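Undergrad: The lines below spell out each chain.
Number of protein chains: 2
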Amino acid sequence: MPDKLVNYDLLSPTNFLARSVTVFPDKTAVVYGGTSYTWTQFQERVFRLANALKARGIGPGDKVAFVCPNIPPMLEAHYAVPLLGAALVSINIRLSAGEISYIINHSDAKAVVADNEFGKVVAQIVSELTQVETFVNICDIDDSTPLDGPDYESFLAESSADPVELAITDEREILSINYTSGTTGRPKGVMYHHRGAYLNAIGEQLEFKTHSQSRYLWTLPMFHCNGWCFTWGITAMGATHVCLRKVEPREIYRIIEEEEITHLCAAPTILIGMSVYAKESGIKLSHGLEIMTAGAPPAPTVILNMESIGANITQTYGLTEVFGPHSVCQWQEKWDDLEPMAKAGIKARQGIPYIVAEHMDVVDPMTMTPVPRDGATMGEIVMRGNNVMLGYYKDEKATAEAFQGGWFHSGDLAVMHPDNYAQIMDRKKDIIISGGENISTVEIENVLYTHPDVLEVAVIPVPDPKWGEVPKAFIVPHNGCEPDPDKIISFCKENLARFKAPKHIEFGPLPKTATGKIQKFKLREKEWEGRDRMVN
Amino acid sequence: MPDKLVNYDLLSPTNFLARSVTVFPDKTAVVYGGTSYTWTQFQERVFRLANALKARGIGPGDKVAFVCPNIPPMLEAHYAVPLLGAALVSINIRLSAGEISYIINHSDAKAVVADNEFGKVVAQIVSELTQVETFVNICDIDDSTPLDGPDYESFLAESSADPVELAITDEREILSINYTSGTTGRPKGVMYHHRGAYLNAIGEQLEFKTHSQSRYLWTLPMFHCNGWCFTWGITAMGATHVCLRKVEPREIYRIIEEEEITHLCAAPTILIGMSVYAKESGIKLSHGLEIMTAGAPPAPTVILNMESIGANITQTYGLTEVFGPHSVCQWQEKWDDLEPMAKAGIKARQGIPYIVAEHMDVVDPMTMTPVPRDGATMGEIVMRGNNVMLGYYKDEKATAEAFQGGWFHSGDLAVMHPDNYAQIMDRKKDIIISGGENISTVEIENVLYTHPDVLEVAVIPVPDPKWGEVPKAFIVPHNGCEPDPDKIISFCKENLARFKAPKHIEFGPLPKTATGKIQKFKLREKEWEGRDRMVN
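Those sequence lines, one after another, are chains A and B.
Using the working numbering, read the first sequence as starting at 6 and increasing by one per residue.
Using the working numbering, read the second sequence as starting at 6 and increasing by one per residue.
FYI, nobody ran anything at the bench for these hints, they're computed from the structure.
On a predicted model such as this, the values are computed, not experimentally measured, just so you know.
Be aware that a few hints might be false.
One copy or two, it doesn't matter: identical chains are merged, so the pair holds either way.
Derived lysine to aspartate or glutamate pairs resembling EDC-like cross-links, with alpha carbons at most 20 angstroms apart [what the hints assert, rightly or not]:
#, residue 1, residue 2
1, Lys115, Asp167
2, Lys289, Glu511
3, Lys125, Glu312
4, Lys289, Glu265
5, Lys508, Glu448
6, Lys32, Glu532
7, Lys517, Asp147
8, Lys32, Asp342
9, Lys339, Glu265
10, Lys531, Glu163
11, Lys214, Glu338
12, Lys339, Asp469
13, Lys214, Glu295
14, Lys284, Asp369
15, Lys399, Glu122
16, Lys59, Glu49
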């Protein structure tokens, strides 16, 4: 333990829990179906989990993996594991057994706690997990214990509820490892530190305007950047966490009404689902709802649809490597009188860095020179500051590459508007180079999203003998629609520079990652089979 | 300069300015009468001031003193001076020439910038200021330059507007020195650090719910704990600073309406003035107004009066040594249905530590054992954390005393309620020990404030042959009232335990410090002349 100076305290997001217990001992901290815990009860469960893990030999520097949906134990882990000075590895529940095995082994996890729905998947690879000493089963949906270890509730019940003090000596020590969803290649382990998570958690709340009476719905996976640090930020405000096992539009709207939800976060893919369901079922919200979205630039039409039912959307932008959101499309009074579609267009921008994030720019990635603020010249988004990861776990080469030139390289291509708001045009790997011109696939997709027949779309470059590359659109039509490809192309020509219109259209489902991101690389692989593509 | 790591950035409140310039370049940053500056213009003035001071030899470790009311140059100093790695010494404008001389000399200030209203006072003692190399005159009310140096606007105009980078290498370096108003003895120089001010500035905004469209009125002196860090916090949010030279109720209400003020901070003495004026003039606010108060426990009646005109009062508690407010009387839903007077009674509590402040307790000051949470046992309020001062400038003895037992000792006596909310009963020096019983002067004062004839009151212990000490109340009656002392005593007996009722009443004005705090020690000195008083 560090010397407890009168005027210095380690910045750790675990601190927020003790404060909320002091202020709101009997207020509801966590709701999950018919179960709810006060802050005092929640803290007791955290202490029990920490003491139980400690008794199994977990301490500073160790790693503990969780394979668990957005239910209370996943939240408890966000306090119990870091309190011990250990790092939490919260694994995407939608991954395959092979991917889970890779992550558990790569992270050197000594304990694995799995919800039994996913424990069944872990059970298949248990023989590969040679470093794991402890398995625990969360028996939420049934009593089965697929892994050789206690059930979670007994694990807690048999442990001590004695207070556990934070066992770190430096606020930049490792807090968690979040594996990137990896649209290509092996997932990389992004190491978070206590200081960054503390600041980002508070920063989120400054931007998102939560307060002690907020009720936050867990539509965003906690295994995704530790729930963009809301696992800690909602606690900081003494607000209420409302947990949710399965993310389905119908269930989301039911809980929004029943639990009087005021705030939620969601990836655009969830928003699309919510938007379609709202339209089909004629949903109107009975009270105000703040939605924060990030993860991919949302189409203006999706924003428009969600706002028409009564929600207010704030777009933020970030990556796993920067603790989730790093920038926000901060709304300005001067835009209040714009037309709805123009407003939605602005809200689709990635914006300006958070108050606590400070440094973001769009630069020429070779020279690191900022691009002109003309809304047209493309460059790479780079970031610096307290909410950048320590690096990739056991991967110095990838870390050095990501940190080249003293900035974290996002791999996102963007323009900088004259008002200093950044707007993503594409992933570096996705941009289309056609006859020497750069064409943004996002720009084409945004136009396609305004077409009434289009539910979801992905545009990629395909080889072309004349232009080198041309755009091709993969479209998921709305239920019952059978759009005519030529009419879709004409629609694009009317709404875009003609050379940007897709030359080919294909209908069908889109390949997605476990977090719901569209895997353009899979579409590209098929189209480019056996051919090399020039990528910056 | 420190190595610019990708994932580390010094926490300094000066960072907020650059961010607000990026996000809100053309939005109004500062308003003062008919003058206003955008964030870009304000930053240019800050850079000009910093470069001008640098050209006069100011650099890391130096001190720069300002004697200036709440006008734009005072705000500019809060950025320009710390950017240079120097410390800002913002001196109370209401002090005497002798006190100002003491502070300038004790702080080792190399430059003094004075508004010419107060420059006239400084001019009297200029021969004593042997360490000062540069004098600058702020010619706001007229063109006179009482000090031998340039006028502020020429000083800026002749300087460069080149960007100035923050010249510190450790975030715990000194940022400012704020001299305590000192109800007794020589003022002590409280050293603030960058990290603490950054966190406290953000913490304030989390509690006070400001946002980018807030309009903040400067009714709280910036020389008081750097305006409780709102000098930086309002900038962090990109809100608007509305400056104010003279704090008079009539002018305050005029500006609240004209400038659509949404937030202000004020010491209870200002609130009393505002409350009386509102009653006399039948003021009702045309829009919501959030008021944060601290500095002394406000009487419930004052809170009630202010809320009846449409303001919402949040009470916070702190001292110069903890960067201003450290705790807040966080409102809880469960109190929503209480009677107005009961609500006001709760709002008069000092509450629980800020989200960023974390540690506060009420302890036996000798053993450091927390008092029982019974709302009755008195102990001393102690604090720890990132928003505690570095120490007193050039006073290791006083620092060690204040930091005894690993906590900062407030000198305030309080009880801890069962819900963990602290409530001040008295200053350690003020408590009355009567026949072996502790009597809180604050408790008696709060009862007296509910009497219709009482405008202001101070209760002190006076010697008594039988009881050792008994309470005496010094009362300022409302205009035109001539209350009967016996009736006042009866009123107290009806509303307090009988032994707590004052035995003596005196009418007349109250002695106050330059910041408006009542100087009970002056009343005591008179009453105890030639006699010793036992003080804990």
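Undergrad: Against this structure, judge whether each hint is valid.
TA: Hint-by-hint comparison with the structure:
1. When the C-alpha separation of Lys115 and Asp167 is checked against a cutoff of 20 angstroms, the pair qualifies neither within a copy, at 23 angstroms, nor between copies, at 54 angstroms.
2. In this homomeric assembly, Lys289 and Glu511 never come within 20 angstroms of each other (Cα to Cα): the closest approach is 34 angstroms inside a single copy and 65 angstroms across copies.
3. For the homomeric pair Lys125 and Glu312, neither the shortest alpha-carbon distance inside one copy (40 angstroms) nor that between copies (59 angstroms) is at most 20 angstroms.
4. Taking CA atoms no more than 20 angstroms apart as the test, Lys289 paired with Glu265 passes inside one copy only; the shortest distance there is 14 angstroms, against 33 angstroms between copies.
5. Taking identical chains as interchangeable, the C-alpha atoms of Lys508 and Glu448 lie at most 20 angstroms apart only when both belong to the same chain, with a minimum of 15 angstroms there against 81 angstroms between chains.
6. Within a single copy, Lys32 and Glu532 get their C-alpha atoms no closer than 56 angstroms, and across copies no closer than 49 angstroms, so neither meets the 20 angstroms cut-off.
7. Taking the closest pair of Cα atoms, Lys517 and Asp147 never come within 20 angstroms of each other, the shortest separation being 29 angstroms inside a single copy and 70 angstroms across copies.
8. In this homomeric assembly, Lys32 and Asp342 come within 20 angstroms of each other (Cα to Cα) only across copies, at 17 angstroms, whereas the closest approach inside a single copy is 40 angstroms.
9. For a Cα distance limit of 20 angstroms, the shortest separation of Lys339 from Glu265 across copies, 17 angstroms, qualifies, whereas the shortest one inside one copy, 31 angstroms, does not.
10. Taking the shortest Cα distances, Lys531 and Glu163 never come within 20 angstroms of each other, neither inside one copy (54 angstroms) nor across copies (66 angstroms).
11. Taking the shortest Cα distances, Lys214 and Glu338 sit within 20 angstroms of each other both inside one copy (17 angstroms) and across copies (18 angstroms).
12. In this assembly of identical chains, the alpha carbons of Lys339 and Asp469 never lie at most 20 angstroms apart, being 44 angstroms within a copy and 68 angstroms across copies at closest.
13. In this homomeric assembly, Lys214 and Glu295 come within 20 angstroms of each other (Cα to Cα) both inside a single copy, at 9 angstroms, and across copies, at 16 angstroms.
14. In the homo-oligomer, the alpha carbons of Lys284 and Asp369 never lie at most 20 angstroms apart, since the shortest distance is 42 angstroms inside one protomer and 63 angstroms across protomers.
15. For the identical chains of this complex, Lys399 and Glu122 are neighbours neither inside a copy (30 angstroms) nor across copies (64 angstroms), given an alpha-carbon limit of 20 angstroms.
16. Taking identical chains as interchangeable, the C-alpha atoms of Lys59 and Glu49 lie at most 20 angstroms apart only when both belong to the same chain, with a minimum of 15 angstroms there against 55 angstroms between chains.
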